[in-house]
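Asks: Here are the chains, one letter per residue:
Number of protein chains: 2
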Amino acid sequence: MPGGPMSQKNRQGVLRSRPKGLVADGDIELIETELPELVGGEALVKTTLVGIDAAARTWLDDQPGYLPPVQVGEVVRAATVGEVVATRCDAYEVGDVVTTLGGFSAYSISRDDVYTTVMGRVSAGTAGVDQEALLALFGSTGATAYFGMYDIGRPKAGETVVVSAAAGATGSIAGQLAKAAGARVVGIAGSDEKCAVVTDEFGFDSCINYRTTDLRAALREHCPDRVDVYFDNAGGPILDAVLGRLAMHARVALCGVISSYVSGEHPGPSNYVKLLAMRASMAGFNTLDNWGRFDEANAELRRLFDAGKLTFRSHVFDGLDQAIPALNALFEGTNIGKTFLRP
Amino acid sequence: MPGGPMSQKNRQGVLRSRPKGLVADGDIELIETELPELVGGEALVKTTLVGIDAAARTWLDDQPGYLPPVQVGEVVRAATVGEVVATRCDAYEVGDVVTTLGGFSAYSISRDDVYTTVMGRVSAGTAGVDQEALLALFGSTGATAYFGMYDIGRPKAGETVVVSAAAGATGSIAGQLAKAAGARVVGIAGSDEKCAVVTDEFGFDSCINYRTTDLRAALREHCPDRVDVYFDNAGGPILDAVLGRLAMHARVALCGVISSYVSGEHPGPSNYVKLLAMRASMAGFNTLDNWGRFDEANAELRRLFDAGKLTFRSHVFDGLDQAIPALNALFEGTNIGKTFLRP
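Chains D and A, in that order, are what the protein sequence lines are. For the first sequence, position 80 (counting from the first letter as 1) is numbered 80 according to the UniProt record's numbering, and the numbering increases by one without interruption. For the second sequence, position 310 (counting from the first letter as 1) is numbered 310 according to the UniProt record's numbering, and the numbering increases by one without interruption.
Incorrect hints may appear among the rest.
Any copy, or any two copies together, can satisfy a pair, since identical chains are not distinguished.
The list that follows gives simulated cross-link-like pairs (lysine to any residue, SDA-like), each with its CA atoms no further than 25 Å apart [unchecked claim]:
1) Lys156 with Asn286
2) Lys179 with Asp27
3) Lys20 with Ala277
4) Lys46 with Gln322
5) Lys156 with Asn290
6) Lys309 with Ser260
7) Lys20 with Met278
8) Lys309 with Gly73
9) Lys46 with Gly73
It is worth saying that the hints were derived from the structure and are not from the lab.
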């Protein structure tokens, strides 16, 4: 392939030092590397979009998790979507669109024996596939919303559902799934602009700007029948406030603790005692526990998407050199919808 | 009935002022009242045992709960067992042993149209019935352990189960139920004497004295495979410590918050985030939600009791004038097993 990708250089974002709190200049370095020679069973994928999510930030900490921490010197791990530009395996053809964990990298290698379940291959036949949707809806973000809302939240028609980080990638989908189940859905977000998107684009019934209101009073006003389901991306004082407004037999799905990923502190919610008074439950979950059910999740998300009942919004940072601002945007509260990095 | 009970006086413990923290002298006054004339549908029950539990203390606070607060001037509400000494209804015969919410009262009225499900009538035919067992095992105490451990905890053979307040009325049964399910059971209690009872009488595999050890270190030692089920009577720092030791997919049954009934403070457990990391769940429950399943609970408790796999221990205070020390014993940690007041 003269002049083809194999003769090109790769660009990769490599972890140089573990960030404390927000990612600082120098924690991730953009380097140029040689593209590896493909061996049998491999395909070379040109990254079109890197998905930026909170998990990527947690992998930079030296903490055991459901995947091992990224080591200093390694490429920063992240979900990606890309196109096959060279192949030495039967599973992929040139032109195939694939989702994988390509990381902060302009090119990555996909093997034909991994990620076949979760990080699915999308056939080259599906020209014009919405590559943003692959990560925003039909990847782990949508699946997280699906499993958290439907397995743990289990909203019923007429119930009141509250979602924090409602303008975010996961919260926006979780709320729309609750709407699809017939619930009344109240978002919590950090700006009036976000709240407008949450109600106008994502179709929530209302949205509370927690930065400018007394959250407890607002919850009483927005949730006159209390809260049957809470999808928590926030932790901290927001979790505590919603716990104080739980209805009998309420369900709380713990999805994330965005308030403390950076601070590292987890103030305990003293209103956990409401779980007792209200015979309520609070459960954590992890999307990757449900690999075997991703087809189920994607089928339902696809059905709602095709029916016009599910939408998403993208926030794209252009260039791998934007890796640090893109990651930090999640925690600075400046992002709306799904955050992408376009290499 | 000349000389019978109708000509006698009643003695009753009446709420005079709402206690703050422990019950103080004068908060409950022992008074003498006339025995009421029975009307149709009523039976007069001579109290043989008053069950003293944390619920009775919570009913003295002016807080909405699953039963309304006891009002100042009213008899203190409590579960009782007693014998029918006069009857004007078909449901009860003289000599019947009944359990009811007779309260701090030497005599009480049982109507034939209430409590027929939970506070069951025990036929006079069952002479020699163990009246302590009626409250310690086959009433709401045993049912609380049953529903909390089996519905929420769901211990499997070989799993590790931790129970706090393990020497108490509910915890001691909960732990024995987990043992019956084949689990390894570790108690947490507040003295070496209690720990000895927990292992020697109640058959737990081990017991941690949380007052004299570093609880976190002790949990690591006693629960090398982490904690699959935690039955929490404690709240506060004990709950936080056990949450920090949860195993994957652990279940936490919130039964009570004995650490804060008196203080009124509920420090939030910062280790609630372990629910997320461990895909674990934490749920409150209320025994009275399951009135319709009391027969199921009592049948299983009876089966285990008859098989010698379930035992209880009584701590009896003699005389209604001991009402205040009996109530406070629950919170001062001086009681072992089920606490009774014998009028």
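Asks: Now tell me, hint by hint, if it's right for this structure.
Replies: Okay, the hints, checked on the actual structure:
1. For the identical chains of this complex, Lys156 and Asn286 are neighbours both inside a copy (22 Å) and across copies (22 Å), given an alpha-carbon limit of 25 Å.
2. In the homo-oligomer, the alpha carbons of Lys179 and Asp27 never lie at most 25 Å apart, since the shortest distance is 40 Å inside one protomer and 51 Å across protomers.
3. For the identical chains of this complex, Lys20 and Ala277 are inter-copy neighbours only, at 20 Å across copies versus 38 Å inside a copy, given an alpha-carbon limit of 25 Å.
4. In this assembly of identical chains, the alpha carbons of Lys46 and Gln322 lie at most 25 Å apart only when taken from the same copy (18 Å versus 80 Å across copies).
5. Proximity of Lys156 and Asn290 under a CA criterion of 25 Å is satisfied in both settings, with 22 Å inside one chain copy and 22 Å between copies.
6. Taking CA atoms no more than 25 Å apart as the test, Lys309 paired with Ser260 passes in neither setting, with 32 Å inside one copy and 46 Å between copies.
7. Taking the shortest Cα distances, Lys20 and Met278 sit within 25 Å of each other only across copies (24 Å), while inside one copy they are farther apart (38 Å).
8. With identical chains, the CA atoms of Lys309 and Gly73 are never at most 25 Å apart, being 43 Å at best within one copy and 58 Å at best between copies.
9. Within a single copy, Lys46 and Gly73 get their C-alpha atoms as close as 22 Å, which meets the 25 Å cut-off; across copies the closest is 79 Å, which misses it.
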